[in-house]
Each structure stands twice: as C-alpha cells, then as structure tokens.
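Undergrad: Let's have the full structure, built from the sequences with the hints guiding it.
Each protein sequence line maps, in turn, to chains A and B.
Residue numbers for the first sequence follow my numbering, so the first one is 1 and each next one is one higher.
Residue numbers for the second sequence follow my numbering, so the first one is 1 and each next one is one higher.
Don't read these hints as lab results, they were simulated from the structure.
Keep in mind that the hints are not guaranteed to be accurate.
[Claimed, not checked] One-sided excerpt, in silico: chain A residues whose CB lies under 8 Å from chain B:
(1) His120
(2) Leu172
(3) Asp184
(4) Ala228
[What the hints assert, rightly or not] Quick list of in silico lysine-lysine cross-link-like pairs, BS3-like style, CA-CA up to 25 Å:
(5) B:Lys149 / A:Lys217
(6) B:Lys265 / A:Lys36
(7) A:Lys38 / B:Lys242
(8) A:Lys188 / B:Lys274
(9) B:Lys342 / A:Lys188
(10) B:Lys152 / A:Lys217
(11) A:Lys84 / B:Lys342
(12) A:Lys36 / A:Lys217
(13) B:Lys4 / A:Lys139
(14) B:Lys414 / A:Lys84
(15) A:Lys217 / B:Lys186
(16) A:Lys223 / B:Lys149
(17) B:Lys490 / B:Lys516
(18) A:Lys56 / B:Lys274
(19) A:Lys179 / B:Lys414
No residue lacks a Cβ here, since even glycine has one placed at the ideal position from N, Cα and C.
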Amino acid sequence: MDRRKSIKSILLGTVAGGLVVHGCKPEAASTEELAKVKSDSNLFGRTAEEKELIEKLNSEQFFNEHELGTIAVLSNLIMPPNDKFGGATDAGVQEFIEFMAKDVPKLQTNLRGGLMWLDHKSNTEFGTEFKSAAEEQQKQILDSIAFYDPEIPIDEHPLEIQFFSLMRNLTLTGYYTSKIGIEDLGYKGNMPNVWDGVPEDVLEQHGLAYDEEWLAKCVDQSKRGIIAEWDDEGNLLT
Amino acid sequence: MQIKESPTMYDAIIVGSGAGGGMSAKVLADAGLKIAVVEAGPFFDPADPEQMTQLKWPYQSPRRGANTTRDFGEFDMAYGGWEIEGEPYTRAEGTEFDWYRSHMLGGRTNHWGRISLRFGPNDFKHKDIDGLGENWPIGYEDVKPYYDKVDKLIGVFGTNEGLPNDPDGFFLPPPKPRLHELMYIKGARKSNIPVIPSRMSMLTKKINNDRGVCFYCGQCSRSCQVYADFSAGSCLIFPAQKSGGQVDLYVNSVVREVTTNDEGKATGVSYISKDDRKEYQLRGKVVVLAASACSSARILLNSKSKQHPNGLGNSSNVVGKYLHDSTGSSRAGFIPGLMNRKVYNEDGVGGMHVYTPWWLDNKDLDFPRGYHIEVWGGMGMPNYGFGFNPNDFNKFFGLPTGGYGESLRNDVKKYYGSVLGFGGRGEAVAREDNYCEIDPTTVDQFGIPVLRFNYKWSDFERNQARHMQSTFEELIHNMGGEVLGETPSKEDDYGLLAPGRIIHEVGTTRMGDDPKKSVVNKFQQLHDVNNVFITDAGPFVSQGDKNCTWTILALSWRASDYIVEQLKQQNI
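TA: Below is the structure:
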C-alpha cells in the first residue's frame, strides 16, 4: 500500500464518529497534511553527546556469555512465546537488559548477584546450573521467588525476591516496548490520525455516554482544515 | 584575553528564546527593528529529522525511552534538566528548590504541557481579597486585549464558560473527552466538582497557512514537526525571521551580564560562546531579558558596576526575592471499571482533554489560594517502565501478585488503561524570604557566579496540598476506584512537591509602582535603568492557580509594544 492510501485507511479505520474523507477541499487539504507527517526510522533525535554515550555503552560488555545465556532462559520463562507472538528472547530482551545494566549501573549488583544465586540454588538442589536444569526444575526454583506481598516495600523482601522482581520488570518492559510486544498489546497509536471520540461500543461496554451539550462544543473534524475566524465575542464562525 | 565587540548596533538585544523572548522577538521584528536574539543552547527545529523525537517507537532506542539523559524520558524534547553538567546551582541549608532549565531555541516551550490559562481579575488583585501578598499594578482589563491577541496568533483550544475568574477567550474547539475522562466527569459530578474542556495550545483547527493541524499523536512533549503545538521557536522565532524583520540569532551563547556606560544606562550584553569559550559583546539601544525568571535575576545580580554596585536594577534589593513556584501534589487510582478495555487509538492531544478549574471559596478553608486539577490516564504507548509490577492490582481481588509465564500477558492486558491520576496545581503566596541570590563561593564552567536558592513552603501550601489529597481520594472513590499508595502524612508535607518541581517559578523581578518595593514598572521596564526590560515570568507579582505561559506571552507582547513606542518617541 502506498503511503497516501495507508494514511487514508488509517483515517477511516480509527475515526469512530462517522467522519468520512470526502473529496471536498479543506478536508482533503487536511488529509494531505496527515500524509506529509514523517518519521525517519533510522534516527531518534539524539544529540552528539547522547550518540557518543550510546556508542560507548555498546562497545562495552557487562554480562559474560554464561550470564547472558541464563538471562535468555530466565526471561523466556517469564515471558514465553505463545502461538501468536514470540517470547522475550525474540523481542531482544537479553540485549536490552545488557544495555540497561550499563546505562543504570546501580542495577548491576542485584542482577549479577541474583544470577549467581540462581546457579547456587540449582546446583544445591539439582546438581546443575540453572540454565541447564530441566524446565520443571527451573520452575520449581522460580515458584519460591516469583510471588511477593505488594504491601511490603520491595527492598524489605529477601534478595532473591528483589532480584526476580527486577528481572520480571525488565523482561516485561523490554518485551512490551519491542515491536512484537506492542503488537501483542494491541496499542494502536503513534501515528497520524483524527481523534473523534470514544467508539460507541466501548461507551456501552463501560456504561458511559457523551453529553449532547458537551459534544456540541467539541471540534467538528470535517472543518479542521478551515482557518479559524471569530466574532468579537469569541464565538467561532468557521 | 580581549573581549570581542560586534560592530552592529542593534535596536534591541533579547536574551532568551522561550515564551517571553520569542514573543518579544516577534513583536520587535514585526515593527521593523534590528534585533539580536541570544540563546544559551543550540538551534532547534522540531521539523529537523536529526533532532526529531516525535513518532519514534521505544524500540528505536536501546534504552527504550528510559530517562538516563533526559529527565522526562529520552524522547522528551527539552535539552537540559534538573541538573546540567558544568552549570550548577546551590541551595541554602535547610531549604529546597529544584531548578529545571532547558537550553535550546524555544527553551522550555518545546516540551511543556501547553496548558494555557488566562489569569482572572482576582488573580491580579488577590491582596484585596485576603490581605496576603501584593496586588499587581495592572489588572485584568490591561492584559485582556493581549490575551485576545495571543489566542488568535498562537491558537488555544477551550470553551467559553462565563466563569468569573477563568475568563473566556478566542478558543479553537476542544477535542472530545477520552474514556477515562468521561469516567472522571461522572465521578466529579457526584461531589459537585466542575469539569470543563481543557485549555491548551494545540491546533485542533487551522489557524494560518504556516502551521499544520494536530494529528493526535499525544506527543506534544516531543515538540510538533508540523508546528501544531505552541513552541516558541516554531511559532514565534521562525515567523519573526520571515516577517521581514532583521533578526540575528546567536545560539550557544551564554550571557554573563548586561553592560552599562558611565551614566548607568545599558549598552548591550556580554556573552560567552560555547563553541570557542571566548567572551563577546553585543551593543544595543535596548536590552530585553527573557532568560527565565531565575536566569534573568542572575544576570542582573551579576551585572555589577560603579553605577549599580548592588547589581543592575537592584537599588530596591528586591531582585531574586518573591520567588514562587506553583504548588503540586499528585495521586493515582486503579479504576476497575476501566479494566479489560478494547484497545483503540486514544492518543488524542498531548495531555488532558478536560480539567477542573478552582471551584471553592477560600474563606471556608484553612488555606488562602486555590488550585486546579489536571488528569491523566488511558492506553498510552509503552515506554521504559511499562509492565513494571504488572499485577499488583491482583491484591484488590485476593489473587497472588508476581508470578511468571503466560498469565502475565493476560494481567498486562487486563489492567492496560485502568489507572488514572490527578495532579493539583495551586497558587503559593509570594514571600520576600523565598529568594535566589548569587552564591559567592561557586561559579559555573564559564566563570559566571551561580544562584543559591532559599525556599521553604509555609502551612498555606501544605494545607492546600492536604486538601488536594482528600479531593483526589474522594474523586477516585466516586469512580469506584482504589486509591494507590498511602495518604501522604504531615511529615511528607501531604505530598507537596519540592519548590521548583512544577517548573512555574516566577516573581524574581516583580513589577510595581513603587521603585523601593519592586524591580520593574508596569511595562516591565527596570525602575533604575530605562532601557532594560524583562519579559519572562520574573515580573509576576503572583501567579494565580494558573500556569504562567499564557500570561508571559500576553505581558511580553504588551511590554514589547511599549518598547516600540518608546523607541519611536526616542525616549530610550
């Protein structure tokens, strides 16, 4: 689909209140404006200093191969693939955690110490390192550290629970900020569109409705491309 | 080292390119004057693909939006932050103040919330109501024509509600409320708390042929590439350059002081170029300071001479005093009625589509000034932090929290969009003993003495924050929700954020008719030196329960009109 067409379909697809893209002038102008919106996928607005920092962090290695392997196994237990979507490793979670450990150094001891705790526990109980243990054995260890009382501040929990909590947080945030995770979540925004209110079926589902009086004050999206003019009292004329 | 002097004689030199400086540049350039705009940071254009953060996905960055290099997340468009390397500030012992600076063309307007509220008649004369603080030497009727002009030039959506202290204007139509905002409206009505459409400076409708219309990505804090939100660079400085005005832009140029002659009149400014770390001088007939309330006060205090031994414009000893920020306190709630949502695009404009203006009479309360309520929520784009503690709300249903595996996916979806939060933004009473001054022991990397802050909240602000908290809890209960976290206690100042945190600091060069009690007159001209003006928020006598930007713009326009007139009459 070419870009113009895709913008038009975005428009039609997301507008709930029945806005239809006619060929009439102001609106067509405004649709064309939507199509002009750009985003270069190779850039994300870094200053020279910020680029330098990212390059520096990328040139360093914090976790060793064994630790990275353990992170991969652990993050995939936390967020496994299912029949529709990939899991944590497919979403690049281990690379993300490696980067964050360098970007936020205070995470390092907890992460590295926790990984050693996992191996120690696994060696003690099953005579093998965590990543080589059977999935059932791995889950047995996780079951002892994966649940917590949310009423108790996290830093008052035992270290292994803090560690797992951190791993779960980083895994989920890494997953849901990835392309796969955003698709899984179903987030529909971050693109040019025209907001014209909550879809009718959603209002019904939640037992809410718009006041007519309120709606009457809101923007008429079919006139968004017409330049605003007012009378002397501040009443919009266009 | 020899200071390099430019041969050009400017009609006016404007220090700073944010809301105040941008507006001065526009008005003075439109009048045909030759001006210099001196900005401490780099050039910035939100349409520049190299600088743009709008419409980026979190996975385009290895840190997925974390705030390592930018305090409000790495896609926020402000260069700067609470701390800037090599440019420190200090705090007097036992006091607090956090100072947010953004050094770039357009300054802090590149990332702000665009909440654009006029002050009402009472806001200019609040001493008449409660005997506290000071009245402004001007009233709403003096500023109204300029608010009207700002509305039409820059664009602000909202509605005319006929409220006595939240005046009507020339509004663009507002966007429809989102789902959580409808929930809020319904909950607030149960407690007779009014909710009206927001007033924010994004273009929901075309305002001229130079700027685009909002395309609802919800990312105004990233500054808009089609100029559909108000940022001072794209909406004031660029038009000033195009209007036939003669505008010289000096970027990466840090002003040290205003230079003066033997008669004590300003002759220009001296600045340090960040590019070569050398000092330069510019000459002008008029100097307009718009570097931000605290930065302009710092420049004045550092501009000492034989004629101005106490700093420029400081014979009153008032420069730096009466510093005050908006109060702020926040709370969030989990709303079961917003669980299991159908996912659709509700990005909308950046920020809230509805809000609550101050609705009570302080005569019945234990604090003298009001606050407005801001609301957030919805199904936003995931960024660093999304998915943390994914199922803590299970505790409300007696279910275990934590775990791993496929169930986490279901929890994340179940709770997506079910949290709603409130921020109260209120008025603090301006006090002489809250101030910034020069710290004689510290200089920045350019050798310029830095500011030391002395600021303490009083019980007026603490009691106001307590009221905010009880209101938020009531609203969340009205929505059938669960309030998150403990009610902040007296020891926590009832959740009142440290001064400076709301980034509405004003008042350091306040206006007045009496030169002994104020720094500038009602046209924002120094009492002591008639060719120096201040068009940032320094001249504010008080700031109401409103955000300050729209008033900065209106007053800057008014002061700039006065400068043009005075130059024409050859009075300065």
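Undergrad: Against chain B, with CB atoms and a cut of 8 Å, does the hint on Asp184 (chain A) hold up?
TA: Holds - the Cβ of Asp184 (chain A) comes within 8 Å of chain B, reaching about 7 Å at its closest.
Undergrad: Would you check the hint for Lys149 (chain B) and Lys217 (chain A), treating anything up to 25 Å between C-alpha atoms as holding?
TA: holds (22 Å)
Undergrad: Can the hint on His120 (chain A) be confirmed by a CB-to-CB distance to chain B that is less than 8 Å?
TA: violated (20 Å)
Undergrad: Please work out if Lys188 (chain A) and Lys274 (chain B) have their alpha carbons no farther apart than 25 Å.
TA: violated (43 Å)
Undergrad: Decide if the proposed pair is consistent with the structure: Lys38 (chain A) and Lys242 (chain B), CA atoms, cutoff 25 Å inclusive.
TA: holds (24 Å)
Undergrad: Are the Cα positions of Lys342 (chain B) and Lys188 (chain A) separated by 25 Å at most?
TA: holds (11 Å)
Undergrad: Just to be careful, I want the Cα atoms of Lys4 (chain B) and Lys139 (chain A) compared with a cutoff of 25 Å; is the pair within it?
TA: Violated, because 71 Å separates the two Cα atoms, which is more than 25 Å.
Undergrad: Is the interface hint satisfied for Leu172 (chain A)? The criterion is a beta-carbon contact with chain B at less than 8 Å.
TA: holds (3 Å)
Undergrad: Taking only the CA atoms, is the gap from Lys490 (chain B) to Lys516 (chain B) under or equal to 25 Å?
TA: Since the Cα atoms of Lys490 (chain B) and Lys516 (chain B) sit roughly 38 Å apart, the hinted pair is violated (cutoff 25 Å).
Undergrad: Holds or violated: are the alpha carbons of Lys84 (chain A) and Lys342 (chain B) at most 25 Å from each other?
TA: holds (18 Å)
Undergrad: What's the verdict on Lys223 (chain A) and Lys149 (chain B), does the C-alpha distance respect the 25 Å limit or exceed it?
TA: holds (23 Å)
Undergrad: Below or equal to 25 Å on CA atoms is what counts here, so check Lys152 (chain B) against Lys217 (chain A).
TA: holds (18 Å)
Hints 1, 6, 8, 12, 13 and 17 from the list above are not met by this structure, while the remaining hints are.
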